[in-house]
Structure formats: structure tokens, C-alpha cells
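Colleague: For this one, chain X is given, so just place chains Z and Y on it according to the hints.
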Amino acid sequence: MSFVQAIIDGLLVGGVYAVISIGLTLVYGVMGIVNFAQAEFLMIGMFVSWFAWAYLGLDPVLAAPLSFAVSFAIGWVVQGQLISRVLKAPSVAQIFLTVGLLIVLENGALLTFGSQFRSVVTSYQTMSLSLGALFVSVPYLIAFAMSLACGVALWWFMRTSWFGRAMRATAQNPMAAQLMGIDTALMYKMAFALGVGLTAFGGAVILPYVAVFPGVGGQFVVLMFTVVVLGGLGSVAGAVVGGLAVGVIQALSSLVFPIQLQNLVLFIVFILVLAVRPQGLVGARR
Amino acid sequence: MKRWLALAVLIAVAAVLPLLLSPTGYWIRVLTFTLLFAAMAQAWNLIGGLANQTSLGHAAFFGIGAYTSTILLLKFGISPWLGMFAAGALGGLAALVIAIPTLRLQGHYFALATLAFGEVMRVIANVWAPLTGGPGGLSVPFTPPSFAGYSFKQLLPHAYIALGALIIVTGIFEVIRRGAMGYRLRAIRENQAAAEVIGIDTTKVKLQTAVISGVLMAMLGTLYAQVAVFFDPDTVFSAAAISIRVALIAILGGVGTAAGPILGALFIIPVEELMNDLFSAGAAGLSQLIFGAILIAVILWKPRGFITLWDALRARFARGETR
Amino acid sequence: MTILDVRGLSKRFGGLQALSDVTFTVPRGQIVGLIGPNGAGKTTFFSTLVGLIRPDSGSIKLGDTSLVGMKPHKVAALGMTKTFQNVALFAESSVLDNVLTAGLLRFDVATAREQALICLDRVGLKSVAHKLAGDLSFPERARVELARALCTGPKVLLLDEVMAALNPVEMQEIMDLIRSLRDDGLTLLVVEHHMRAIMTICDRILVLNFGKLLADGTAQQVANDPVVIEAYLGRSAEAHT
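Residue numbers (our numbering), protein chains in the order written: chain X, 1 to 286; chain Z, 1001 to 1323; chain Y, 2001 to 2241.
In short, the hints are calculated from the structure, not lab data. Mixed in with the good hints there might be a few duds.
Stated by the list, open to error - Label pairs and their in silico Cβ distance ranges: (1) X:LEU87 with Y:PHE2024: 29 to 37 Å; (2) Z:ILE1100 with X:PHE117: 53 to 61 Å; (3) Z:GLY1025 with X:SER123: 52 to 60 Å; (4) Y:PHE2024 with X:MET158: 47 to 55 Å; (5) Z:ALA1015 with Y:THR2111: 35 to 43 Å; (6) X:VAL276 with Y:PHE2024: 57 to 65 Å; (7) Z:GLY1171 with X:GLY181: 36 to 44 Å; (8) X:TYR124 with Z:GLY1136: 35 to 43 Å.
Said to hold, decoys possible - To list a few chain Z residues with every Cβ distance to chain Y over 10 Å, as calculated: (9) LEU1093; (10) ILE1100; (11) LEU1131; (12) PRO1141; (13) PRO1157; (14) ILE1161; (15) TYR1183; (16) GLU1190; (17) ASN1191; (18) ALA1195; (19) VAL1197; (20) ASP1234; (21) THR1235; (22) ASN1276.
What the hints assert, rightly or not - Just some of the chain Z residues that point at chain Y, by a computed CB distance under 8 Å: (23) ARG1186; (24) ALA1187; (25) ALA1194.
All of these numbers come straight from a predicted model, not from anything done at the bench. Glycine residues also receive a C-beta, built at the ideal position from the N, C-alpha and C atoms.
Chain X on its own, in the form it takes in the complex (with noise of 0.2 Å):
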């Protein structure tokens, strides 16, 4: 029973893994490079919503679209100022410049909000529902259904809509598209915006059940890693399985090892997966 159990909650925190790390893979599969950064905009997200539960009153997971527009902001400046200038750099400039921005980001929080951890205090934090002899914890199955509908609202954008489309020639051929005048720069911005958008996203409907504090975005790098490496880096929906893939895994493995060696257990899946199949098991474009 606890089997099923741990497949229950390891779908419903992986649908938000899924989310936070779509960002991640949407800025690899456009632009090609690895923002070591995005966690903190995690981290920003929760921050956003917690702010707006503290003094506006407002449930962190409603302040969810609030934290998405914030961290669009700070995207859509960073890719423009800083970002577009290594584009074609070596990928050590790359690397080192989001590197940068991850240290920056962070100490900065450290700066301006101090060091503590803060919690929101909601009525369903501790409510379950109970199926027989299982159980769906409230506030997973509400950061589930949020992050579900941003899915679904992303999936329609990138679909429907000309940025959407244009975005996604953009990534599979930059230089064509550009001869169909799209403007790329602005398409950069924009998946990178929107990149980190959705992990802020995921940040805030996460915060009934994780406290935050400028730190928290180290707690899920190795785990953002494994979810896009898992599914391939640049592909979306490969982050979505590779997402429900990690949280199973990370539940699975937490009936069996101390709670602290979770992210061994996903190091090891990580490290087998690059070195097995690197461009992911669900394949991508690069």
C-alpha cells in the first residue's frame, strides 16, 4: 500500500517538478544554453507569493500569476542586458555568466531579506483526502492542479499562437527564421522571460508545503538538472515525463533510504542517463 501510496504523491509533487524545469528546457532548447540560474527565480516566485500572502492577504497559490509576471520581468531585462551578449560566446562565458546571475540572485535575497526561513500559514496546509486506505495530501494535489492548467495554457500558447509558433522555428533553425522575419532577439527574450516565468510559477505553488529562505533554489538544482537531463535538454514534453519521473523516483527511493539521500538516488539516475543516453530517454532535438 505504501507502494501506491508513494506513486500517488511522487505524481503529484513530479507535476510540479515538470513545471519548474519546462523553463529550464524551453531556454536550452531555444537558445542553447543551460541557465544555472534558474532556480533562483524559484526562489524569487516563492518570495513574490509570500510577500503577497504576508501583506496583501493573498493564498500563495493565487499569488502564483503574480510571481510569473515579477520573474517575466526580471527574465525579459536579463536576457536583453546580459544574456544576448554571450549568445555566441565559448560555453564557458555561458556558463559563467548565469553562474553569476545564480550568485548575484542569491546573496542579494540573503542582502534584502535576511537569512530565516518563512512559511505561510493556509487551511488546507494540513488537510488530506482520504481514498480508502490512501491518501492525497491538499496542498500537493493544489500545487498539482495549478501547475497542470500552466501546463495546459503553455501547450496552447506554444501551439496557437504566432510568438508560440515563431518561438519554436526560432529554436529549430535561428537563422531561417529569422530570414522569415522573425526577429529573434525578441523571441529570445521572450523564451527566456517565459522560461523563467514558469518556474517562478511553480515556485509560489509550492510554498504552502516548502518554507522559503535565499538558499532554497541549491535544494532543487540537482533535482531540476535530472528532470531535464531525464527527458532531454530543449525538450518540453520530455520535461513534463521526466518531471512525474523524478518525483516518482523521489518517493520510491524515500521508502527506502533516509530522507537525505534523495538526491543521491537522483544523482545516480542523472549520471546514468548522460551517460547512457545523453540526449535524454525521451530524445530532443539536440
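Modeller: Structure of chains Z and Y alone, referenced to chain X:
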């Protein structure tokens, strides 16, 4: 000839400098850590500069080194001098284990894999409490001061040991860079298929480089443990404070050059100390914030590091001479 | 004496049959031309011979040693290497260092440097030894490729369009060089689009089309082979006959 003279002068200055500082004071500590981090960045420079594989996980080897010698000393009373070689062996082994699956990876993928490896070593050190003391960390036990026991009352000997380490690691770097292996590494870096076709065993060359880099990094971990006296998993296995910082020092100074890590460390470590000194009371994180901002600025402004400033200066000087 | 023995070599990439049952042998000391329309599989064939691409089936023997499944560096050590059609130099290294690196296969750095200078002299590039490889003109770079391959001390050398974009004088120099290498005992396989050059220097010509070996013979035999003419000129030739 002029090069050797300059080198001799540099080493002489470095050898005299520790004597001028108060042996128990603050600046000798800064100097020791500057030399140590320069050596660490030089060890990173082998894989990051010569092989062009951006490792973000060198803290793994560093931490293994610190823990190996300290545990050997704690449990069996083995001198850290010997422990340092055990540390090197384990560090090399770890480098081999991680290099085999990640060797084929390039650029971002390699950076991701190594970053994750460092993080996992941190987790293991935190969890494996019976051996490592867990999150509480380890204190290097006090032994009567003696050179054989690697125990000193003052920091001065540590400064000289760090200087010696820097000279040795830099020497190894230069020998590799100028030798057959350096040529092979450059070939692999610039065109892997062509390198293979002209007879270079690319797998072997990359593995050798990774292992040498890991061995040196682990041995420097031992030196760190002896200076720091106390450490915990989050310090020695830190992605930000070790892995990223050593890479950053090399990059800031000029990656792939022998002088780069030294220039980088001479800038970064004292500036960091200074900022920590100025701001630590009021604002946690400010020095790191500035440090990150400098990193971004250097990447955007001088992607090849300070060494290019030096080259530009020298070029201007040379032009002036010929006129 | 046969130095290279290829039997039933096949390679498929997805839906494309890049090589299809290619069989031939080369005796030591021959210059063998390899011609065929674009996309005939010439470059794939060279890459397969040196171990960059693993064939689906077939055998490759250099002397008595089977090469299938062997890594390129082992193949080079046994004495077979190739140049790259799109020129794959170490662009940020000097011309000398490019060639020297190849010499390290058999020598230490000092000896490799001497060997590299000899090889550069042979291709007529000694005067630019200290320039960056990336700063050279395209024809010069192709010659550096040749010198680099030569410096590995090969028995069999595969040259992939080293004469592209050369003027007639330069072309004559390279043709003379190829002949002198043959006279030194090397065996050479040459891919070239310039028909007259191929017809002049090659002892024998192989014609490849859609991965298949169409013809194998002297320049005269191949030039008069109706199958070859059809492959090159397509249906129009058919219409005229």
C-alpha cells in the same frame, strides 16, 4: 632569459613576503589562503583550461582530501603528510569514477554533471556521520607542534607550505602544457575528430588530465584542513565557495595560462577578505553579491580574463620601446 | 603485395545506404583515385576506413590486421590516416604545432618538431610555420592538412580533396608531391573532383555512386566505361545513345 629572471624575482618576493607580515596576524592568513586558492585554481586549470572541460564540481576532490587526511589522523594517528598522499589517491580515484561516464560530455553537459557530483559528495558527507561527523563537521586534533606531524603554532609555516604547493602545481601545469600532453589537449580542444585521426587517444588523454587534476585538488584539500583546523561538509564540498570559486579565479585571471590562476587569486581572495571585513557585521551576502557582479562584468567585458590586460600593457610597452 | 583489403563494406544512415557492399584491394605503392558524383559516399568511405564511422558489415584489413571496430588513433598508429575535406585544423595553434602534434604519435616533442618541419618543407609551407593555422588561405590550409597527415608516418594516406581551389601551378606541385610520396613507398587513396588531375596521377581509379562501387580500372578503362558515363551524365547520356 628575461622570463626566468622575472620568475626568480617573483618567487623571491613571494618567499620574503610572509616574513614581513605579523606571524600571528590577519594578513598572513589572507596570504596563506590566497596562495592555497591560487594552487587550487591551477589544479582546476588543468581540466578547465587545458582540456577545456568546465568542471563545476572540484569541491568533490577537495573535500575528499580534507576528510581523508583528517580521518586518518583522528582514527589512526597518521601524519597528515602521509594522509595527503592517501587523499591524492582517493581524489584521483573519484576523478576517474566521475570522468568515465562524463568524459564524452562537453560544455554545458559536463558542467551540469560535475556540479551534481560535487553536490552529492556534500550530501554523502552530511549523511555518513559515523565516518565524517556529519553536519557537525570535524576538528583536526591538536598534536604537539612538529614539522613531521604537520602541526605548527603559527601560520608562517603554513604560508610557506602553500607557496611550495603553488609552485609545484604551477610547475606540473607548465610541464603538461608545454609537453606532448599539452599539444594533444589543445588538439582535442580544437577538433576532436582530427585529433583522433592523427593518432591521439582522446579518451586516455582526457582521463589522465582529469585524474591528475583530481589528485592535486585532493592533496590541497589536506593542506586546507591543516590550516583551517575545523571544517564541515557544507564548507569543503561547497559548490559556491570551492567549485565555482576556483573556476572563477582561473577564469578571472586567464584560463589556460599558468599566470591566470595566480593573478585571479591575488585579486579575488584579498578583495573578498576586505569586503567581508568591511561589511560582515551589517550585511551578510554583500561581499558575495559584489563578487558575483564582478564575475558578470568580467565575462562581458574581458572574457579571457585579466591576463589580456597584462598582454595589452606589455604590447603597449613593447611598442614604446621600439619607437 | 596487398596493403589494403576491403570486403563487403556496408553502412546505412537511417534511410540512406551510404556504402553498399564495397570490395577492392590495393597493392602497396599505388595511387588510387576515388571518384563519383556528390553524395556518392566518398567521404563516408574514408571516415569508415580510418575508424571514425563503424561499418554495419564488411571487413577492412591493413596488411594482416583487421581494422573493423578499431578506434581512429589505433588505425593511425598502424599506419593509416586521412585528411579532412572541410579542413579540420587546430585553428588557434600555429601551423608548426598542428603538424608537430601529429608527429607525437611516433616521436617525442623535439623529434616531432624536426619531423614537422620536414613535412612542412615537403608541402612547401615551411615559410609560414609560425603563423596561426586559422590565418592561412584555404588552399594553404589544405596543404597543412596534408603535412599533418604525413607527419603521423603513414603507410596508407587518404587524401580528401586536397586540391580543391588550387590554381594550376599549385595543383601541379601537389601532384608532384603525391607522386614523390608514392615513390617513397606510400600508398595513396585520393578523392578529387578535378578529373584531369585524377586521370593524370592515378595508377587506378575506383568509381563510387550511391555507395556502390561502379567501376575499378585504369583511367582509360574508367573513362570509356558506359556505366560510369551514365552515372556522371545521367539520363541525357542515355538519350544520346
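Colleague: Indicate, hint by hint, whether the structure satisfies it.
Modeller: Each hint tested on the structure:
no.	hint	verdict
1	X:LEU87 with Y:PHE2024: 29 to 37 Å	48 Å, violated
2	Z:ILE1100 with X:PHE117: 53 to 61 Å	39 Å, violated
3	Z:GLY1025 with X:SER123: 52 to 60 Å	58 Å, holds
4	Y:PHE2024 with X:MET158: 47 to 55 Å	52 Å, holds
5	Z:ALA1015 with Y:THR2111: 35 to 43 Å	38 Å, holds
6	X:VAL276 with Y:PHE2024: 57 to 65 Å	38 Å, violated
7	Z:GLY1171 with X:GLY181: 36 to 44 Å	57 Å, violated
8	X:TYR124 with Z:GLY1136: 35 to 43 Å	37 Å, holds
9	LEU1093	25 Å, holds
10	ILE1100	16 Å, holds
11	LEU1131	40 Å, holds
12	PRO1141	47 Å, holds
13	PRO1157	38 Å, holds
14	ILE1161	32 Å, holds
15	TYR1183	4 Å, violated
16	GLU1190	4 Å, violated
17	ASN1191	5 Å, violated
18	ALA1195	8 Å, violated
19	VAL1197	5 Å, violated
20	ASP1234	39 Å, holds
21	THR1235	38 Å, holds
22	ASN1276	39 Å, holds
23	ARG1186	6 Å, holds
24	ALA1187	5 Å, holds
25	ALA1194	4 Å, holds
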